[in-house]
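Respectively, the protein sequence lines represent chains A, B, C, D, E, F, G and H.
Residue 130 in this note's numbering sits at position 130 of the first sequence; the count goes up by one each step and never skips.
If you want this note's numbering, it's the 1-based position in the second sequence plus 205.
If you want this note's numbering, it's the 1-based position in the third sequence plus 410.
If you want this note's numbering, it's the 1-based position in the fourth sequence plus 615.
If you want this note's numbering, it's the 1-based position in the fifth sequence plus 820.
If you want this note's numbering, it's the 1-based position in the sixth sequence plus 1025.
If you want this note's numbering, it's the 1-based position in the seventh sequence plus 1230.
If you want this note's numbering, it's the 1-based position in the eighth sequence plus 1435.
It is worth saying that the hints were derived from the structure and are not from the lab.
Among the clues, some could well be false.
BS3-like mimics (lysine-lysine), calculated; alpha carbons at most 27 Å apart, straight line [to be verified]:
#  : chain 1 : residue 1 : chain 2 : residue 2
1  : B       : K330      : C       : K450
2  : F       : K1097     : G       : K1435
3  : F       : K1150     : G       : K1302
4  : F       : K1230     : D       : K655
5  : E       : K844      : D       : K740
6  : H       : K1475     : A       : K205
7  : F       : K1097     : G       : K1355
8  : G       : K1355     : F       : K1096
9  : E       : K945      : E       : K891
10 : D       : K687      : E       : K1025
11 : E       : K860      : D       : K684
12 : G       : K1355     : F       : K1230
13 : A       : K72       : H       : K1560
14 : E       : K889      : D       : K820
15 : D       : K686      : E       : K1025
16 : B       : K410      : C       : K434
17 : F       : K1065     : H       : K1475
18 : E       : K860      : G       : K1270
19 : E       : K945      : D       : K820
20 : H       : K1640     : A       : K205
21 : A       : K205      : H       : K1507
22 : B       : K410      : C       : K482
23 : A       : K40       : G       : K1355
24 : D       : K687      : E       : K945
25 : A       : K72       : H       : K1507
26 : B       : K277      : C       : K482
27 : B       : K277      : C       : K434
28 : F       : K1150     : G       : K1270
29 : F       : K1094     : G       : K1435
To give a feel for the contact side, a few chain B residues facing chain D, derived at Cβ under 7 Å [as the list claims (entries may be wrong)]:
#  : residue
30 : G371
31 : N390
32 : D392
33 : V409
Pulled from the structure, derived: some chain E residues nowhere near chain F, Cβ distances all over 10 Å [unchecked claim]:
#  : residue
34 : P837
35 : Y838
36 : V840
37 : F846
38 : D848
The model shown is predicted, which means the values in this text are computed figures rather than measured ones.
Ideal Cβ positions, reconstructed from N, Cα and C, are used throughout, including at glycine.
8 protein chains.
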Amino acid sequence: LRSGFGETVFCQGKPDPYLVEIYKRFYDRDGEVLGTRASKEQFELVRSIVPEVQYDPISGILKVERPGKEKKGCIAVCTGGTADIPVAEEAAQTAEYFGCYVDRIYDVGVAGIHRLLSQRERIAKANCIIAVAGMEGALGTVIAGLAESPVIAVPTSVGYGASFHGLSALLTMLNSCANGISVVNIDNGYGAGYLATQINRLAVK
Amino acid sequence: LRSGFGETVFCQGKPDPYLVEIYKRFYDRDGEVLGTRASKEQFELVRSIVPEVQYDPISGILKVERPGKEKKGCIAVCTGGTADIPVAEEAAQTAEYFGCYVDRIYDVGVAGIHRLLSQRERIAKANCIIAVAGMEGALGTVIAGLAESPVIAVPTSVGYGASFHGLSALLTMLNSCANGISVVNIDNGYGAGYLATQINRLAVK
Amino acid sequence: LRSGFGETVFCQGKPDPYLVEIYKRFYDRDGEVLGTRASKEQFELVRSIVPEVQYDPISGILKVERPGKEKKGCIAVCTGGTADIPVAEEAAQTAEYFGCYVDRIYDVGVAGIHRLLSQRERIAKANCIIAVAGMEGALGTVIAGLAESPVIAVPTSVGYGASFHGLSALLTMLNSCANGISVVNIDNGYGAGYLATQINRLAVK
Amino acid sequence: LRSGFGETVFCQGKPDPYLVEIYKRFYDRDGEVLGTRASKEQFELVRSIVPEVQYDPISGILKVERPGKEKKGCIAVCTGGTADIPVAEEAAQTAEYFGCYVDRIYDVGVAGIHRLLSQRERIAKANCIIAVAGMEGALGTVIAGLAESPVIAVPTSVGYGASFHGLSALLTMLNSCANGISVVNIDNGYGAGYLATQINRLAVK
Amino acid sequence: LRSGFGETVFCQGKPDPYLVEIYKRFYDRDGEVLGTRASKEQFELVRSIVPEVQYDPISGILKVERPGKEKKGCIAVCTGGTADIPVAEEAAQTAEYFGCYVDRIYDVGVAGIHRLLSQRERIAKANCIIAVAGMEGALGTVIAGLAESPVIAVPTSVGYGASFHGLSALLTMLNSCANGISVVNIDNGYGAGYLATQINRLAVK
Amino acid sequence: LRSGFGETVFCQGKPDPYLVEIYKRFYDRDGEVLGTRASKEQFELVRSIVPEVQYDPISGILKVERPGKEKKGCIAVCTGGTADIPVAEEAAQTAEYFGCYVDRIYDVGVAGIHRLLSQRERIAKANCIIAVAGMEGALGTVIAGLAESPVIAVPTSVGYGASFHGLSALLTMLNSCANGISVVNIDNGYGAGYLATQINRLAVK
Amino acid sequence: LRSGFGETVFCQGKPDPYLVEIYKRFYDRDGEVLGTRASKEQFELVRSIVPEVQYDPISGILKVERPGKEKKGCIAVCTGGTADIPVAEEAAQTAEYFGCYVDRIYDVGVAGIHRLLSQRERIAKANCIIAVAGMEGALGTVIAGLAESPVIAVPTSVGYGASFHGLSALLTMLNSCANGISVVNIDNGYGAGYLATQINRLAVK
Amino acid sequence: LRSGFGETVFCQGKPDPYLVEIYKRFYDRDGEVLGTRASKEQFELVRSIVPEVQYDPISGILKVERPGKEKKGCIAVCTGGTADIPVAEEAAQTAEYFGCYVDRIYDVGVAGIHRLLSQRERIAKANCIIAVAGMEGALGTVIAGLAESPVIAVPTSVGYGASFHGLSALLTMLNSCANGISVVNIDNGYGAGYLATQINRLAVK
Ligand SMILES: Nc1ncnc2c1ncn2[C@@H]1O[C@H](COP(=O)(O)O)[C@@H](O)[C@H]1O
Ligand SMILES: Nc1ncnc2c1ncn2[C@@H]1O[C@H](COP(=O)(O)O)[C@@H](O)[C@H]1O
Ligand SMILES: Nc1ncnc2c1ncn2[C@@H]1O[C@H](COP(=O)(O)O)[C@@H](O)[C@H]1O
Ligand SMILES: Nc1ncnc2c1ncn2[C@@H]1O[C@H](COP(=O)(O)O)[C@@H](O)[C@H]1O
Ligand SMILES: [Mg+2]
Ligand SMILES: [Mg+2]
Ligand SMILES: [Mg+2]
Ligand SMILES: [Mg+2]
Ligand SMILES: [Mg+2]
Ligand SMILES: [Mg+2]
Ligand SMILES: [Mg+2]
Ligand SMILES: [Mg+2]
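Please work from the sequences and hints to get the whole structure.
Rendered as structure tokens:
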């Protein structure tokens, strides 16, 4: 196993017996577990075996976390709109679970550019910035143009019609004209939070 | 024929005899003609029959224009980068040909947002704004968020890889989170210039 | 905020507490609110807080509107079939909310061209025409060829098979051979209504 | 072999020795041959072996045809624009080669609907109508709505940007709201001409 | 209205009041009505107003038909598998409603070519053949190679994975190497039945 | 290195110095080399260093082969048309190079099903059958339905329009209704020849 | 019927009466039947007629199998993750039904390459290897590079976002850089199991 | 301008006068310039004005670089094959230009996994790893599973057929099952090199 990262359980689609077995095994071994994309039913199932498990219905995070973690460095998590918050929370809570300090800057989409500009100082303090956006997905580019730290862009499936379930935002982000930006899968808050943690650790170590 | 708009010749792909015949016929009837997407070879061919024809190799515009037109109202034509200028010029020269005053604001892409913000006053004066951009194509959204006039977004085929010849910019623009924006075909500067002229005339009439 | 346009709430997908909080805040501040893409459940939720709210189940419009608005100018809203009416109503009611007079011309698809031709005079009176169509989506082109005002084409997701949820109509509209036409996202009646309002105001100001 | 149809050679991409061998063999056997999608180089190659071969550079048809064929029935071949003529000629000359009378009605695209309406009587006389159009491809629908005979729609690769090499016109035609219309491959004039011949023969037999 | 074809109601997605109003109006005027893509709920709704209406749950046909129609000519309707039968029945019952004799030849897919070959004589008797197939969609090509009459290919959405809801079968049919074949929209049995009727009438008139 | 297979050089796109260096190295080590997708220029370049190299311009195979190989077992290589022969030859010559006996059965496409049926006995003798086809790509399905041995289907980029450079044939083959068929990349004759060799060896060992 | 393979019933989407009739007919004739993609409802329906039928809810296999089959040769079935197991079981149970010995090697995805490497010896013993993977789908390539036997890659629809329901894994597998690999449809465990049986029989016969 | 990064000129597609003017301006101001995607003709043009410019035809890098830069930290640049080297060199030389030490590990594709495994120690020393691969694109996943540092995956357009000009590799990388990986545009070596520099600086600062 990689040093400094506990095991994660990707809950979505796991049949019940598999889910319970894996979750319990990691819990017994490590004393804490991070689960992602869990449904309310899965929460209740796991709780019947691991009573201290906690569930956040917005992000789908299902975790047991050892208390008293010191949160180091700084990761900024930004969203274009409120509908992107579930994905942003998956990213933010993942990074916090792995020991990072997270600054949440939500609802600063580029259609109202001054909301974003008014947050420049907070963004400038982060070692890594996660930009979460659906529909046109332009948030990452504008942030990457303003900030000096690496930007991880997360397209979301928020939208309708020609958003094609996140494809539009994904293509926008891949074609960014800005320097210092890369992209993860549509709705992959976990992946962004993990990668941001790696980068933040390089900065604070 | 629609009042107030002369006939236009879409030159690209027209076999030589068709092109010459059509261009000459409109010229004889109206005394001026607007041609679009013409190649240098087509320019030379048409010039052998209509010696006063003028050609702009950047935009591909091939025109005979009656002198002394009064330019009314104001249309702003903005681009994200320098590679978008050919499409922007097709739009701008189309609008000028149809009697509009055009303000060119080039190379103000959103990866360097302050270049765009420094042009806010010029943009605010236009009755209609044409936003030309390739790759991620986010220019139109930011402008539509800043300005009160209608924005016509023109995706360009500028880019490589996942730009898919303009598809990325097109989807971005269709999914814009801003109010007051619509889209024309990839690289369709002419269509944007024509539509902007209609809107500008409503404002100045 | 942009002058002359109240704030709009895009209801679809908003978690309940967010929706209620935002709707109430705008209502308290402005005395009127326009909500779009609301479900019946969202209507009932909002009504429990803002009892005067009104809901149209066809268009999904959820609004409180100040009475006695003068409706200025003229926008024509046309559809190809009856299944396109929900999107058309989103457009029409948006434009009315923002103070425009709207003329509805429904079920005039191009497969029966005489229904459309018999409405030419009504179409000719509009400062801006919204053409709403699914499946093959050719309505906008024929109207743009007949009328002198700008046409905003709205593709709808009506259809089956190779309509690919509105993609077919979208591509048709982007490739229109007519002059004076632009396109918004699939099913985006609101966007069309907003843009048409901007254009109509330029004409009547 | 099917009764009443000679053998056809699809020339495009055939290596030179194959092309010559096949063309000569059919010629020797039948005394006439229809070749399609031939280049000028292929014409010269075949002519060196079969001197009486004739080539039309617009349609790419490379044929030896027995003189004095009676042309029966009536097929109408319509196009949206002049750029669609090469595909239309492939269809028309195929149908003529197989013994049909063909009425050409070119450049009657739906962006100027009155050009099409003024040809209604000619269209009404045909046993089968071939509608050739690129870009938005709406011609077939309007014709199928006007006429009582079957319509074969041929999308062309004419266009740019979001026409995606004929995909837009193809989808339009597949989603036609009109009754009595079917579609062949992009640029497949030959296939339309063959099928129209079968239908025309049913009518005149 | 076109001579010899009654009005059809496309039921899918029509709001209840619209459906009832239209269905009743046509019934009162013509004494018979053909409805397509109706659900069981729509059947019950219409029956409460038009008690003599009949419903076929396989094809979704909802009709009132005048008795004693003479069935003329011959249309063959073939399917690749049993799952294609609903679409085939939409085609067959449409053609019968419009006065054609229909020969059903089901489950003769090309993966077991002898089932198809053993039906050659029945196929040869038809004036027009409808080939209905999903997944790989090759049925139409093999039939068109065997038969002399026109073939209308109907791709179905039957399949999974890379069938992409009928796209695979659609592309197969558009790219057919056989002569005398054209294509309608995915699952469009109605369109095939209508067009086949037009062709069959040309043959029997 | 895998037992029984020499090293292969994929020539396409290799810069000249890399190509020469790799080709020479394998030649010196093994005394024979198989190169694929080589151009005529690459042939001449390699010949200047390895004079005994042989080039087949149809398949693009550039090889030095040790004489006197015994050809074991039997692989049938079938094509739909003559334009598929280059890909078929890449497959056939690859299998021969690796020591298989190959039976070539070309131009047996399903639009003329009797050509294929007349070859049933040859096909039945093969341990593995390679079915090469473009456009609609249905050859593999019909063969897999007739034969008892595994079928490897190779889609080709032969075609135009909605063949989308081999996508249509690829999807057809992936959706085959027949048992005992799998697919390789578009135009990947080499991959099919290699895999068929593995299967043939299992049968003859 | 092909020698050595009983008839299979593809249950998904079959209307109830068809399913029961076909299943019963095969059962009466052969004494055993293999059904695939059956739902729990279909199981209960068939059991009411054929009481000895057995159902596996993971794979959807619904079978009556004659006891005492000897299992010959060896097929390895590998998966990238636990979510791919349903498809893998369809493949494995199909191969066992047709008389093959199957070795299951699950959850050996390439993101943790040592799990796979530790299974090299088991993989090396198989006559044919089935590699089942979703998301990035790289399992087949790594196995084909390690093993000498043919690899059948099965993409699964496991994943989210840009996995596009299995398209990503499918394309990965088609573009494999390894030798000796071919691909079946997304989620097509049955097809892989059947083909692997054919190959295994060649090896053991 | 962002601290610590000089200005870059994206040369591809820039008209000659624009290119020369921009390149000269940056050179005069900064004394060094990095140009990317330059052709040989552009090199000669720029050299006529800036004689000390240097050109690498493999990567297309056209630069003037101040001598004596200290190279800090460590970035590993890995490729799957030799055809990916041009993109890898764009990444590597960009990172070196911005002051990073780069370790090149080429031709370690996953079809021969031991080549990659034998390089584990070098990979483990890097602060950031760039994984460049076309076709199936699985390199990044395997590296991310082995290494603890962040991985930037660069899909390349290397391949043919269903690689769809890099789309296959792009999707593979976006769907990676490994932790700590993100993606840039197809062939975007520059973007990867820039981002890796940012990350490397965080580690060494
Ligand atoms: N939300 C997520 N999205 C993508 N990958 C995830 C997510 N959550 C966890 N993972 C990955 O999935 C792995 C666990 O997969 P599994 O063994 O199927 O539970 C973890 O080690 C992570 O690499
Ligand atoms: N199943 C069907 N698929 C496609 N078009 C149909 C179908 N059934 C009826 N139609 C067409 O739809 C028209 C009626 O549409 P509507 O006015 O929406 O009821 C008819 O005149 C037919 O042209
Ligand atoms: N899971 C499966 N996926 C694809 N094809 C299958 C599957 N199961 C059975 N088949 C094929 O479907 C045929 C039966 O189809 P049907 O006649 O519709 O029951 C069998 O002979 C197999 O060729
Ligand atoms: N190879 C490349 N790919 C993508 N972006 C690049 C590349 N090279 C330079 N850039 C970006 O392009 C900008 C310069 O663009 P331009 O102003 O058009 O010369 C640089 O500041 C970078 O952000
Ligand atoms: Mg940055
Ligand atoms: Mg605006
Ligand atoms: Mg107009
Ligand atoms: Mg008609
Ligand atoms: Mg035929
Ligand atoms: Mg077989
Ligand atoms: Mg292998
Ligand atoms: Mg890692």
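**Prompt:** Is the Cα-Cα distance between K410(B) and K482(C) 27 Å or less?
**Reply:** This hinted pair holds, its Cα atoms lying about 17 Å apart.
**Message:** Does K450(C) sit within 27 Å of K330(B), going by the straight-line distance between their CA atoms?
**Reply:** violated (42 Å)
**Message:** Does K1302(G) sit within 27 Å of K1150(F), going by the straight-line distance between their CA atoms?
**Reply:** holds (23 Å)
**Asked** Taking the minimum C-beta separation from V840(E) to chain F, is that value above 10 Å?
**Response** The claim holds: V840(E) sits with its nearest Cβ about 40 Å from chain F, beyond 10 Å.
**Proposed proximity, K740(D) with K844(E) (alpha carbon, max 27 Å)** = violated (35 Å)
**Asked** Taking only the CA atoms, is the gap from K1475(H) to K205(A) under or equal to 27 Å?
**Response** Roughly 44 Å between the alpha carbons, so the hint for K1475(H) and K205(A) is violated.
**Message:** What's the verdict on K1094(F) and K1435(G), does the C-alpha distance respect the 27 Å limit or exceed it?
**Reply:** Roughly 25 Å between the alpha carbons, so the hint for K1094(F) and K1435(G) holds.
**Asked** Within a Cα-Cα threshold of 27 Å, do K1640(H) and K205(A) meet the stated pairing?
**Response** holds (10 Å)
**Request:** Please work out if K889(E) and K820(D) have their alpha carbons no farther apart than 27 Å.
**Result:** holds (25 Å)
**Asked** When you check the alpha-carbon spacing of K1097(F) and K1435(G), does it fall within 27 Å?
**Response** holds (17 Å)
**Prompt:** Within a Cα-Cα threshold of 27 Å, do K277(B) and K482(C) meet the stated pairing?
**Reply:** holds (25 Å)
**Item:** Holds or violated: K1150(F) to K1270(G), with C-alpha atoms at most 27 Å apart
**Value:** violated (42 Å)
This entry does not satisfy hints 1, 4, 5, 6, 11, 16, 23, 27, 28, 33, going by the numbered hints stated previously.
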